[in-house]
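**Student:** Residue numbers (the working numbering), protein chains in the order written: chain H, 991 to 1331; chain Z, 991 to 1331.
No lab work stands behind these hints: they were computed from the structure.
Don't take each hint at face value.
Stated by the list, open to error - Pair by pair, the computed Cβ-Cβ distance ranges are:
#, chain 1, residue 1, chain 2, residue 2, range
1, Z, D1051, H, L1260, 27 to 37 Å
2, H, L1106, Z, P1181, 32 to 42 Å
3, H, D1109, Z, H1007, 38 to 48 Å
4, Z, D1051, H, E1195, 36 to 46 Å
Note that the structure is a prediction, hence the values are computed from the model and not measured.
All C-beta atoms, glycine included, are put in the ideal place defined by N, C-alpha and C.
One-letter residues, chain by chain:
Protein chains: 2
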Amino acid sequence: MSRTELNQLGEFALIEHLTHEIVIHNDETLLGIGDDAAIIENTSACTLVSTDLLIEGIHFDLMYHPLKHLGYKAVIVNLSDIIAMNAIPKQITVSIAVSNRFSIEALEELYKGIKLACDTYKIDLIGGDTSSSHKGLIISITAIGVQQKEKIVKRSGAKIGDYIYVSGDLGGAYLGLQLLEREKKIYIENPGVQPKLDENRGIIEKFLKPEIRKDIITMLDHAKIIPTSMIDISDGLSSDLIHICRQSNVGASIEEANVPIDQEAQLMALEFHLDPITCALSGGEDYELLFTISPSDHEKIKQLPSFYYIGEIVSPESGVKLKTSKGNLHEITAQGWKHFN
Amino acid sequence: MSRTELNQLGEFALIEHLTHEIVIHNDETLLGIGDDAAIIENTSACTLVSTDLLIEGIHFDLMYHPLKHLGYKAVIVNLSDIIAMNAIPKQITVSIAVSNRFSIEALEELYKGIKLACDTYKIDLIGGDTSSSHKGLIISITAIGVQQKEKIVKRSGAKIGDYIYVSGDLGGAYLGLQLLEREKKIYIENPGVQPKLDENRGIIEKFLKPEIRKDIITMLDHAKIIPTSMIDISDGLSSDLIHICRQSNVGASIEEANVPIDQEAQLMALEFHLDPITCALSGGEDYELLFTISPSDHEKIKQLPSFYYIGEIVSPESGVKLKTSKGNLHEITAQGWKHFN
């Protein structure tokens, strides 16, 4: 593969080069890249904004994260925050800073992934910034979405008696990461050994190339269900449930037997001598949705596929608890990613 | 001064610590920090979005850029892009990544500057992200503004015959930077020597703590003038005029004698053996506005203070030219910041 150095293009030419194939999908996007600011016309609804900063070596490892997948995932992670408000993501801005270790071709790969996510979910790339860095790759994305005010769902609306649901299997991304880390270690020690990853495509893909659950938002909308609270599972079910409980000033009781665990993850957990339920509770990065609904919506939701009832919202004094299959009660504690530790 | 290490707080606690004094100024901001996304209600106007990534050692030097000033400037640079669309900035998100070289107290200083800019210009800090970095300080800001569709001004609307204006003196920020760089060099060679900066507070402040020209937007609005095109002078008058000409498919003719040069900058240029007009044309970072108006608005604008007429929009074939005081014509070329060179 050929290698073109970054300094062969200026800053403006580089942006132009990376974004010239961008297509605008949404009528609300009146102006995209190329002016001082982009213009969005959401005159019949609210605008939602979320932002994330991803740093090489902190949030991702290029040794096993192909650049195209990374571009895709960086977009997904941000769109997921808009989805978690029960809103429809519509636009993103993407800023990157790169050291001269990266070639133009490497950045083209990154942007291929960004474009793929945009095309898959009809998202407009409307702005950004490109700069050099002293070390590694830095990606900053802001996602923008739209929703009618009365349909927006915050973390703070859960009420005692509400049912708690998740949108899919948990633990996959976490065990995908564990597997990649193990194979990386083996590869570093014995560069001749090819990593064995084929049998575990599911969990590896869940980690490297997650998707947003836009289908869930659409399904709930069609069923006329507005969750009382919602969050996307990025830090882990435990951490994210605690976020909802704290901001809603309630407690929660979760049934261990009801927590949906990814089958492949379950087998891999045993291989790693890890407890599958712990992986599902604390793993994170699955980008499934965790939400609560009013008991009055229970009949409606039972008609729908792909929702997992895992427990109930209880009084704040009862705390956030896991009821094991044997009937024991354990307090759930947050064990999300802590970047500063 | 005491020093508290970053790892004494977790990520969520750090965000909480840095942002707990944040006040919401605008009714359109329905929800700020603390959920998956912020909520903005701009239902009678368009939403404008602009973003910037600032990297230590590339965009700023902490040796002479105090953290409070840096926080202030980082916000201003982004708000200025919204102003340049003839729009009113209303919200920002701020993401930072820092190495463990920085203490909590250092970040508090940075956020003091961010808050000061927000309070001065009635901006709501509605979201962000905090992470560790391997090296130095990284700041990513997204600015969001509002304006009625028919009042938004792009770069692309300049017409042949339009008058070209700037909103204030140029060259100050550039010479402020030159002076700081010189004194830094002297200080590194002789750490005992105190830098002499008092006499040149004006240009140093112009570089370290610029302001947005929100007053200009208000003034134009009151006078019922909508510029045909506009840009903020961040790369330098030459570069930014070329942006307007390219995107409007026109040429421009600028009178050297009419380009307003900062008085302090003029004296300092001579001390540095630099040509003052070159500094004013290519300096950049003054964050004044460069705009064009239709000849039919000329009578109205003549009534207003603080606008400088510098030339006219001409046919694209005539190119972008500077007419010197002696009557010679020079082609204007872009000499903005090129981070990759």
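**Student:** Evaluate each hint against the coordinates.
**Tutor:** Against the structure, the hints come out as follows:
| no. | hint | in the structure |
| --- | --- | --- |
| 1 | D1051/Z with L1260/H: 27 to 37 Å | 53 Å, violated |
| 2 | L1106/H with P1181/Z: 32 to 42 Å | 53 Å, violated |
| 3 | D1109/H with H1007/Z: 38 to 48 Å | 40 Å, holds |
| 4 | D1051/Z with E1195/H: 36 to 46 Å | 43 Å, holds |
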